[in-house]
Amino acid sequence: MTATLTSAGLTWLPSGQAMLAGPLQQLFLECDTALAALAGDTGAEPAEHPVFLAVDDLERINYLASFPHLATFPVTLEESGLPAFAADPVDESGAVRLRGISPVRNVITPAACYHVYVQLRDQRIEGPRYLTFRNTCVRRETEYQPLRRQWSFRMREIVCLGSRAQVKAFLDRYRDLVSGLLIELGLEVSWQIATDPFFQPSRNPAYLAQRLNPTKHEAVFGGDLAIASVNLHEDHFGEAFSISTDEGPVSSGCVAFGLERWLYAITTRYGADPANWPDPVAAAGRVLERHR
Amino acid sequence: MSSESPDALVAWVNHRGRDLPEDGVTEDLPLLAGRHLTSLHIPELILLLERISGREVEVDRLQAGDFQDLRTIRAKFLAPAR
Numbered sequence: 000m001t002a003t004l005t006s007a008g009l010t011w012l013p014s015g016q017a018m019l020a021g022p023l024q025q026l027f028l029e030c031d032t033a034l035a036a037l038a039g040d041t042g043a044e045p046a047e048h049p050v051f052l053a054v055d056d057l058e059r060i061n062y063l064a065s066f067p068h069l070a071t072f073p074v075t076l077e078e079s080g081l082p083a084f085a086a087d088p089v090d091e092s093g094a095v096r097l098r099g100i101s102p103v104r105n106v107i108t109p110a111a112c113y114h115v116y117v118q119l120r121d122q123r124i125e126g127p128r129y130l131t132f133r134n135t136c137v138r139r140e141t142e143y144q145p146l147r148r149q150w151s152f153r154m155r156e157i158v159c160l161g162s163r164a165q166v167k168a169f170l171d172r173y174r175d176l177v178s179g180l181l182i183e184l185g186l187e188v189s190w191q192i193a194t195d196p197f198f199q200p201s202r203n204p205a206y207l208a209q210r211l212n213p214t215k216h217e218a219v220f221g222g223d224l225a226i227a228s229v230n231l232h233e234d235h236f237g238e239a240f241s242i243s244t245d246e247g248p249v250s251s252g253c254v255a256f257g258l259e260r261w262l263y264a265i266t267t268r269y270g271a272d273p274a275n276w277p278d279p280v281a282a283a284g285r286v287l288e289r290h291r
Numbered sequence: 000m001s002s003e004s005p006d007a008l009v010a011w012v013n014h015r016g017r018d019l020p021e022d023g024v025t026e027d028l029p030l031l032a033g034r035h036l037t038s039l040h041i042p043e044l045i046l047l048l049e050r051i052s053g054r055e056v057e058v059d060r061l062q063a064g065d066f067q068d069l070r071t072i073r074a075k076f077l078a079p080a081r
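These protein sequences, in sequence, are chains S and Y.
Quick note: the first sequence uses numbering that gives the first Met the number 0, first residue 0, plus one each step.
Quick note: the second sequence uses numbering that gives the first Met the number 0, first residue 0, plus one each step.
Hints in this document: simulated from the structure, not taken from any laboratory.
Model, not experiment: these values are computed from the prediction.
Beta carbons: idealized from backbone N, C-alpha and C, even for Gly.
A hint or two may mislead.
[Claimed, not checked] Quick list of in silico lysine-lysine cross-link-like pairs, DSBU-like style, CA-CA up to 35 Å:
#1 S:Lys215 <-> S:Lys167
#2 S:Lys167 <-> Y:Lys75
#3 Y:Lys75 <-> S:Lys215
[Unchecked claim] Incomplete in silico selection of chain Y near chain S, CB under 10 Å:
#4 Leu31
#5 Arg34
#6 His40
#7 Pro42
[Stated by the list, open to error] So, partial list: chain Y residues that the calculated Cβ filter (under 7 Å) puts toward chain S:
#8 Ala10
#9 Gly33
#10 Ser38
#11 Ile41
#12 Val56
#13 Val58
#14 Asp59
#15 Leu61
#16 Asp65
#17 Phe66
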């Protein structure tokens, strides 16, 4: 399929990243527009977030202990070492000769919604708050496959912060909306209980909690590819980032979409010829009309 | 299972659980789903169950609902070995 998608605008890089152009880029934008339209159902506020997250912030949720295998770090060089580095920057194998690295204090965004909790840190939330945004996420993996598993990929998310009941109602609503959109697009999925990809999971209480009391459900396409997930965080982020309501730490939940995976699902279902692809934006419109 | 085990489990939940009913934990109170216990309690609970039962809890085999409430925990982890 990857080879045939070249004509539709896919360029696959050996680093595990994809370039999109032409019809495939258009489909990417339409999928994202469709999902942003679903976000509009709650009046979600659009947001823009940066590329990096501060390690200080991620440490509040033990990110690096839980997911060290996924992390990619932005690395810079000490000023004093620049002349020596510039004289011979790359070795025979093509690897950078890193010397005199500045202290690393950031991680490249591994999941889009972490920025929200940083943004709302130490704030009090009045009533439910909904946000939506897209970011490029970067996760180191042992192997990559075009549009299925990439080092860098785009994630659209819709987040709700509020009482537990408000968050659960939001997640139920969006599971219905997403199911409706997938049916409109003719993409068959099964909703499955899932866990986050923890490092040494059986030693991690957060993983055990997800196993014992499932809070993550994924829409799985083709038997093994999660193209959407619905996640109840309880007050995990509210507590870690001191975001509160009148009743204590805020609850939160998110709905997340790996956009390249939607391209994979659509092109697997309908082939590489754009003439056969469905219109995601029109499909989202029909879903919203039906759920009004 | 030792004779004091039910009390030890109830005492632990009453001591460590949060937002419990006034009269303490009941047999069917949803412990994790009701947020009376959180992820941070799980390792300690596993150690307690191992101490009470004298058997290792096979962490890799834990499933959804295994720690649902006291009744389930007793049946799954504290029933006499066959």
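Quick one, is the Val58 (chain Y) hint okay against chain S at 7 Å, beta carbons? Given a least distance of 5 Å, the restraint on Val58 (chain Y) holds.
Chain S contact restraint on His40 (chain Y) - CB to CB distance below 10 Å: It holds, given that the least Cβ distance between His40 (chain Y) and chain S is near 8 Å, below 10 Å.
Interface hint outcome for Val56 (chain Y) [beta carbon to chain S under 7 Å]: This interface hint is violated because 10 Å lies over the 7 Å limit.
Identify whether the interface hint at Ser38 (chain Y) stands, where standing means a beta carbon of chain S within less than 7 Å of its own. holds, 3 Å
Just to be careful: measuring from the Cβ of Leu61 (chain Y) to every Cβ in chain S, is the smallest value less than 7 Å? holds, 5 Å
Taking the closest Cβ pair, is Asp65 (chain Y) under 7 Å from chain S? holds, 6 Å
Verify the proposed pairing of Lys215 (chain S) with Lys167 (chain S), using a straight-line Cα cut of 35 Å. holds, 12 Å
Less than 7 Å between beta-carbons is the criterion; does Ile41 (chain Y) satisfy it with respect to chain S? holds, 5 Å
Holds or violated: the hint that Arg34 (chain Y) contacts chain S, with Cβ atoms closer than 10 Å. Cβ of Arg34 (chain Y) sits 6 Å from chain S, so the hint holds.
Is it true that the CA of Lys75 (chain Y) sits at most 35 Å from the CA of Lys215 (chain S)? With Cα atoms ~24 Å apart, Lys75 (chain Y) and Lys215 (chain S) stay inside 35 Å; holds.
Does the closest beta carbon of chain S sit nearer than 7 Å to the beta carbon of Ala10 (chain Y)? Ala10 (chain Y) check fails; min Cβ-Cβ to chain S is 21 Å, beyond 7 Å.
Would the hint on Phe66 (chain Y) stand, with a C-beta cut-off of 7 Å toward chain S? holds, 5 Å
The earlier numbered hints that this structure contradicts are 8, 9 and 12.
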